[in-house]
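Number of protein chains: 2
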Amino acid sequence: MRLSNFYLFTKKENPSDAYLASHKLMVRSGMIKQVATGIYSWLPMGLMVLNKIKEVVVEHHVKSNINEMLMPTIQSADIWKKSGRFNDYGKEMLKIKDRHNNDLLYGPTNEEMITDIISDDLKSYKDLPKLLFHVQWKFRDEVRPRFGIMRCREFLMKDAYSFDLDYDSAFFAYCKMFGLYMKIFKTLGLKVIPVRAESGPIGGALSHEFILESNEGESDIYYDNRLLNISIDQVNLDNKAEIKEYYEAVTNLYSCTSDKHEELNFNKNVPKDNQKLSKGIEVGHIFYFGTKYSELLNANFTNNNGKEALIHSGSYGIGISRLVGAIIEANYDEKGIIWPKEVSPFQLGLINVRNDNQVSLNFCESYYNNNASNFKILYDDRNARIGEKLNNMDLLGIPVQIIVGEKNLVNQNLEIKDRKTGKVNLVNIEKLQSYLSDNYEF
Amino acid sequence: MRLSNFYLFTKKENPSDAYLASHKLMVRSGMIKQVATGIYSWLPMGLMVLNKIKEVVVEHHVKSNINEMLMPTIQSADIWKKSGRFNDYGKEMLKIKDRHNNDLLYGPTNEEMITDIISDDLKSYKDLPKLLFHVQWKFRDEVRPRFGIMRCREFLMKDAYSFDLDYDSAFFAYCKMFGLYMKIFKTLGLKVIPVRAESGPIGGALSHEFILESNEGESDIYYDNRLLNISIDQVNLDNKAEIKEYYEAVTNLYSCTSDKHEELNFNKNVPKDNQKLSKGIEVGHIFYFGTKYSELLNANFTNNNGKEALIHSGSYGIGISRLVGAIIEANYDEKGIIWPKEVSPFQLGLINVRNDNQVSLNFCESYYNNNASNFKILYDDRNARIGEKLNNMDLLGIPVQIIVGEKNLVNQNLEIKDRKTGKVNLVNIEKLQSYLSDNYEF
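Going down the list, the protein sequences come from chains A and B. Reminder that position 116 of the first sequence reads as 116 in this note's numbering, one-by-one numbering, no gaps. Reminder that position 250 of the second sequence reads as 1250 in this note's numbering, one-by-one numbering, no gaps.
It is worth saying that the hints were derived from the structure and are not from the lab. The structure displayed is predicted, hence computed values, not measured ones. For every residue, glycine included, the Cβ atom is placed at its ideal position computed from N, Cα and C. Take these hints with a grain of salt, some might be off.
Pulled from the structure, derived: some chain A residues nowhere near chain B, Cβ distances all over 12 Å [what the hints assert, rightly or not]:
| # | residue |
| --- | --- |
| 1 | Asp17 |
| 2 | Gly84 |
| 3 | Lys97 |
| 4 | Ile114 |
| 5 | Asp120 |
| 6 | Tyr167 |
| 7 | Arg196 |
| 8 | Leu206 |
| 9 | Glu262 |
| 10 | Asn265 |
| 11 | Lys272 |
| 12 | Ser278 |
| 13 | Gly290 |
| 14 | Glu365 |
| 15 | Gln412 |
Only pairs whose alpha carbons sit at most 25 Å apart, straight line, appear in this in silico SDA-like list of lysine to any residue [claimed, not checked]:
| # | chain 1 | residue 1 | chain 2 | residue 2 |
| --- | --- | --- | --- | --- |
| 16 | B | Lys1012 | B | Val1427 |
| 17 | B | Lys1095 | A | Asp103 |
| 18 | B | Lys1091 | A | Leu105 |
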């Protein structure tokens, strides 16, 4: 992408209402723009990251044989009245009257709707188990929206739902989703801690949160850091024994939110050296709630003895838009964002030191146009001062920068800057490709 | 995809409220389910088609250097009060009060919001021209939603917006989008007629609708059928001269909606043999509205004489969800849907005549598992009667079916059924790949 052809307007000033680094940096780097209190537009640079994260999450679900569907944003109040949550949910639910004075609402979550849908289709034990997911905008009318897209009102969430014959089968679905989440966060290049958690308004007996460690995080967590040594990489999510073994290995170690924390148990079960107190941001939450919604919304099936039984369910959420902010909280410095290469909107930033220099201009144009390796390049082709170009590229956080000037070109060299370390290496043009492969797996 | 692992529940009965074929067929083939009046969930089979169409539309825009962004579904009423449309839009606008009693609305379109966004960024003539688009859910509170997803309340739309220095530049953007739309509909395998149209509530002087011909269509159109001979294929959308020449060649021929129709001109300008009266479904609509919104929302820029001037704009919509229904209206028979291969959710349907036959079972399993050519296959691996499998596959509308039975396998043959013609050919296993390439360009 040529910067001259990209809708990108970076800002020098921080937004006056911003406290978190991610909020400041997303506005300054032209990723988002607030259009109403707690409601944001995603500008091209922001949307690229959002889509990238969404793509990783969707691909992992599809690969695990979880069917993608899409429920609407607007829901009828009827099903929420049946479940009792139309009144219980409180003022965070955005309630709406349509032109015929019917009660609607903007979905804050989808347990009621999905249960209503599957109760029409899943009639026999032969139809179970089923796992479904969707990625859709949700709305929660926060009393005081803040922290940019981290605690906003309209946000993008992936929510999955499992439907099973009985507890054993449902527990396997829960373990599978637990493992899938760990694989997803690994693919996104993130260090995420699974912790036992309260179920809150969703309800149910079993619940875990997934916390991305960050100094500015709003959640306090306590865990046994030996759980970091248990790898998900080789676990086959469709193998019941393997996934349960993984789940038990992880969850047998102490790990929980402050709500669930018991100091006595922590000290008894975790050696001092392994005790970790930390802060982080919730980026995922999974629930097993058994037959709660099936009972309220009549989701029955006929079992293999010909008898009616209630479907067992769970729900599994990842905050897609929230992840964008959370990833920045864990990856920035005083100059700007430092994208992990897994989610970066571009792989390479290409900077021409002087646009009026024919030698460097020719090199940049031909490198960008030929781009034999098909890298995703952001090419700053603007006629701007080099200082501004360098600062801007640092702010945007693309992992690798190629800085092209005549002085180095004469010796067949380019400056390659690593955004994270700030280190600049002179690399011979002939060796550029192998340098990028060796150092960045490009 | 194995049918045994796919959330697909086809129905034998038509929905009682359905009049249009597309509505009946989408419900019966398990693509959608109504969850509130005029509000639908997209089940996995439906979402695959919706996503496919979205993908084609997005790719074409990106390839034409139009930047993708994403505006939220919920908007502040403030900008609509500025433009005067908060009251003018009528009861189709879904108005909302949040917990602090602020006026919000569910966006039915985005002229106000995009103009508000760009007015912050586009300050100089050097920042223009710009073209942006997004694909987002919209809501129009129809008084009587009907025809399934063709006239529903929550629907998916692609809307693009152009921002230019002056009329000449804006007119080129309009011509470019006109040509882009013709390329998109061609890629989707659709015969779409561009017609001159009224601007309606969007306003502006210049407007075209894009009509997919269909006997049950709600729009009457009149056109000179010589416009079907003008091809968009070789036109370079970034070449001003080429795209204007194309636009003028097409729009010099008579073509309009019934609102704009003048019988006298039609007869005077179009030879009898070329006069075409037809019905169709609106699937796209483009508008040039000049400085209308720039004036109301203060979108100025400094021109190259240092003077303030108003930005010229246009908007360009394609009904993504509506296209799913429109395509079915143009492609079905009494047995079910007949997907054009460009939008079909699967390329091949694989049917085992008898699941209890080891020979046919082995072939199907190995063909599906190996799938050397990486086709998208829907494999009916259910233990169901062959009649039910055949009817079901016809209903689903996948263009090519491979029917596998022992009798033919003994002679190394498979039955290949073309869904559109209904013709069945015996094809030797060795020649299957070349048969598919030759006949379906797979």
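Each hint tested on the structure:
1. Asp17: About 16 Å separates Asp17 (chain A) from the closest Cβ of chain B, which puts it past 12 Å; holds.
2. Gly84: Gly84 (chain A) clear of chain B: closest Cβ-Cβ about 19 Å, beyond 12 Å.
3. Lys97: 9 Å, violated
4. Ile114: 9 Å, violated
5. Asp120: Label violated. Min Cβ-Cβ 7 Å, cutoff 12 Å.
6. Tyr167: It holds; Tyr167 (chain A) is separated from chain B by about 22 Å at its closest Cβ, greater than 12 Å.
7. Arg196: Since the minimum Cβ distance to chain B is about 31 Å, Arg196 (chain A) lies beyond 12 Å and the statement holds.
8. Leu206: At about 24 Å from chain B, Leu206 (chain A) clears the 12 Å cut-off, so the statement holds.
9. Glu262: Since the minimum Cβ distance to chain B is about 36 Å, Glu262 (chain A) lies beyond 12 Å and the statement holds.
10. Asn265: Holds: least Cβ distance 39 Å, greater than 12 Å.
11. Lys272: 47 Å, holds
12. Ser278: 33 Å, holds
13. Gly290: Correct as stated: the minimum Cβ-Cβ distance to chain B is 21 Å, above 12 Å.
14. Glu365: 17 Å, holds
15. Gln412: 32 Å, holds
16. B:Lys1012 / B:Val1427: 32 Å, violated
17. B:Lys1095 / A:Asp103: 13 Å, holds
18. B:Lys1091 / A:Leu105: Measuring from Cα to Cα gives roughly 18 Å; hence the hint holds.
In summary, the structure is inconsistent with hints 3, 4, 5 and 16 from the numbered list given earlier, while agreeing with the others.
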